[in-house]
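Q: Residues per chain, in single letters:
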Amino acid sequence: MENNHKKSRRDFIRSGTRLSLLITLGAVGGLAAKHVTAEKYVWQIDPFKCTQCGRCATSCVMTPSAAKCIHAYDLCGYCDLCGGYLKPDANQLSTAAENQLCPTAAIQRKYIEEPYFEYVINEDLCIGCAKCVKGCTSFGNGSLHLQIIHRICLNCNECSIARLCPSQAISRVKASKSYNVKGSFTKDGKV
Amino acid sequence: MKNCIKISLIFIFLLFSLAGMTQQQRFPKPEFGNGYSQPTPITPEPRALALEYTDVVVLLVVLSLASWMAIRKRSRRGLLWLSVFSLIYFGFYRNGCICSVGSVQNVALTLFDPGYAISITTLLFFLLPLVFTLYFGRTFCAGACPLGAMQDLLIIKPISLPEWLRKTLGIIPYLYLTLAVLFAATGTDFIICRYDPFVGIFRMDAEFHMVILGIAFLLMGMFVARAYCRFLCPYGVILSWMSRFSKWHLSITPVACIQCKLCSDSCPFDAIDYPTDEKQSKSTKWGVNRFLVYAILIPLWIFIGGFAGSRAHTWISKANPTVYLAELLVSNPEVRNDQKNLDVQAFLSSGKPLETLVKEATVIRRKFYTGSWIAGGFMGLVIGMTLLSQVVYRKKADYQPHKGNCYSCGRCMNFCPVKK
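Protein sequences appear in the order of chains A and C. Following the working numbering, the numbering of the first sequence begins with 1 at its first residue and continues without gaps. Following the working numbering, the numbering of the second sequence begins with 1001 at its first residue and continues without gaps.
No wet-lab data here; the hints were simulated from the structure. If you're wondering where the values come from, they're calculated on a predicted model, not measured in any experiment. Heads up, some of the hints might be wrong.
[What the hints assert, rightly or not] Dumping the calculated DSSO-like pairs for lysine-lysine here, alpha-carbon to alpha-carbon at most 30 Å:
1. C:Lys1261 <-> A:Lys187
2. C:Lys1352 <-> A:Lys134
3. C:Lys1367 <-> C:Lys1395
4. C:Lys1167 <-> A:Lys7
5. C:Lys1029 <-> A:Lys87
6. C:Lys1367 <-> A:Lys49
7. A:Lys7 <-> C:Lys1367
8. A:Lys49 <-> C:Lys1359
9. A:Lys49 <-> C:Lys1318
10. A:Lys49 <-> C:Lys1340
11. A:Lys110 <-> C:Lys1029
12. A:Lys87 <-> A:Lys134
13. C:Lys1420 <-> A:Lys177
14. C:Lys1340 <-> A:Lys134
All chains, please: the whole structure from these sequences, using the hints.
A: Dropping the structure here:
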């Protein structure tokens, strides 16, 4: 009898604690639910905030980085003397490897008509070093810019590039508008 | 009506002129004559939202199956295969991200930063295992956690650790959890994700020091079973407290313990409580005094912890990039000339005044001051309670799993000779 009494008291305390833990969980869940969103968010670079520091190439958890150069053809001037393609101190205006700015030769140059050339990024070769972006932004129209390619991005809980980005250019964007391609995306962040 | 048309005409005109302004470029796009078709930039879509919900469904199914296997079916083999599945799905297929262990930080951030929106998937990944644990014990650890599964499969020759060592190392997860919540709540960093030793193995890609850490944990785990789960996992702290009060829990014996001691060495995690020694529990007179002293000391511990935390807040807050940068620029103004310091150069080129940065840093540091008091006080409480638990003897008659520490892996069940 004595033993039974003790046992039921212990059970009572246990179930009481369980209930209060459940209520605590509910409260935490409820408070968090105030800010809950059914929308999916992904990491993306704001090309107007990007300062082309080169950390995208080295900080991503993926090798090579999920941040790669993409080309907004609408803005491209199709220049022969392309600041994103040729080194500023290039020996001569030719496609020889020593004259190319890209360390992996990921930019392919194609002749269209005099004096215009098309520049296409080979995504498989691009490592996201932003050297071409810097060249294009300083000397050209800025049509080359970095974007996080979502086929490669693991959508980490905290983007390891965003943590180290010196210009806070990487933030979460809605998955329905997952790219900030220059041209359709303007400086104020309006699409 | 006329006005309306006028306004809309003006609006259209403005729109065109604005568009014209943004289109102005250094090198205008040429007009091509020979039917050149312009390629479009490649923008592959992210993983579909529906697949995120699939993850939640998979978690729910795995948790239900694990609980059923631990409590009803009593099948170690079933739990083993379930953990293999979780390792493959949540680990190698989903690359270890999304995970319940890290979701603690998202919840902490969303509670303290109203601007951060938590996704419903993350919230469910945080809540579901806890609710299940509250009813069935830590079946999440046994069947659903890829980090646990990875270590569990590599246990070769587990050694038994002395109790004092286990209790002392057992304080580390509390410290880790406290720091993780502090850093997440102040928007500084997600340290659980950053220092996850196994995520690099899932992705087959990580920084060098994390690879070394991951391999070291796995090698150590061959002898110190589930070293990460026992002495680091911050989510395990919450799970352990849920499990202590769980409604049902895995039991070693299906019917009644016959005290055969066969299971006593079966647990690689030292999570089986032995029956209490009668002689030990009789010497309680001295124990009562010690209990009182330790209980009275708890507020002192809380104060010491809080005080130590508040003293350390300046140092801890340097983990925040804004605070770090502001302090660097104020204390060493000559870094402005350092062209190699990308953070400083990016800040200077942004044109943001230093006062604004310092103001932001002050706000964050004040948050750290309050947070460090609370975090330190909590750590004091943990130390005080750990000491107190040393002098509390609970009378136990049978060999039972310790509900807080047991991972419900089911190894011990196979050692019990009693059949239903």
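Q: Are the hints correct? Go through all of them and say.
A: Verification of the hints:
1. C:Lys1261 <-> A:Lys187: 72 Å, violated
2. C:Lys1352 <-> A:Lys134: 21 Å, holds
3. C:Lys1367 <-> C:Lys1395: Violated - the C-alpha atoms of Lys1395 (chain C) and Lys1367 (chain C) are around 45 Å apart, more than 30 Å.
4. C:Lys1167 <-> A:Lys7: 28 Å, holds
5. C:Lys1029 <-> A:Lys87: Roughly 22 Å separates the two Cα atoms, so the pair holds.
6. C:Lys1367 <-> A:Lys49: OK: Lys1367 (chain C) and Lys49 (chain A) at ~27 Å, within 30 Å.
7. A:Lys7 <-> C:Lys1367: Judged against 30 Å, a Cα distance of about 46 Å means the pair is violated.
8. A:Lys49 <-> C:Lys1359: 22 Å, holds
9. A:Lys49 <-> C:Lys1318: 24 Å, holds
10. A:Lys49 <-> C:Lys1340: Measuring from Cα to Cα gives roughly 19 Å; hence the hint holds.
11. A:Lys110 <-> C:Lys1029: Cα-Cα ~16 Å, so holds.
12. A:Lys87 <-> A:Lys134: Judged against 30 Å, a Cα distance of about 11 Å means the pair holds.
13. C:Lys1420 <-> A:Lys177: 59 Å, violated
14. C:Lys1340 <-> A:Lys134: 16 Å, holds
In this structure, the earlier hints numbered 1, 3, 7, 13 are contradicted, and the remaining ones agree with it.
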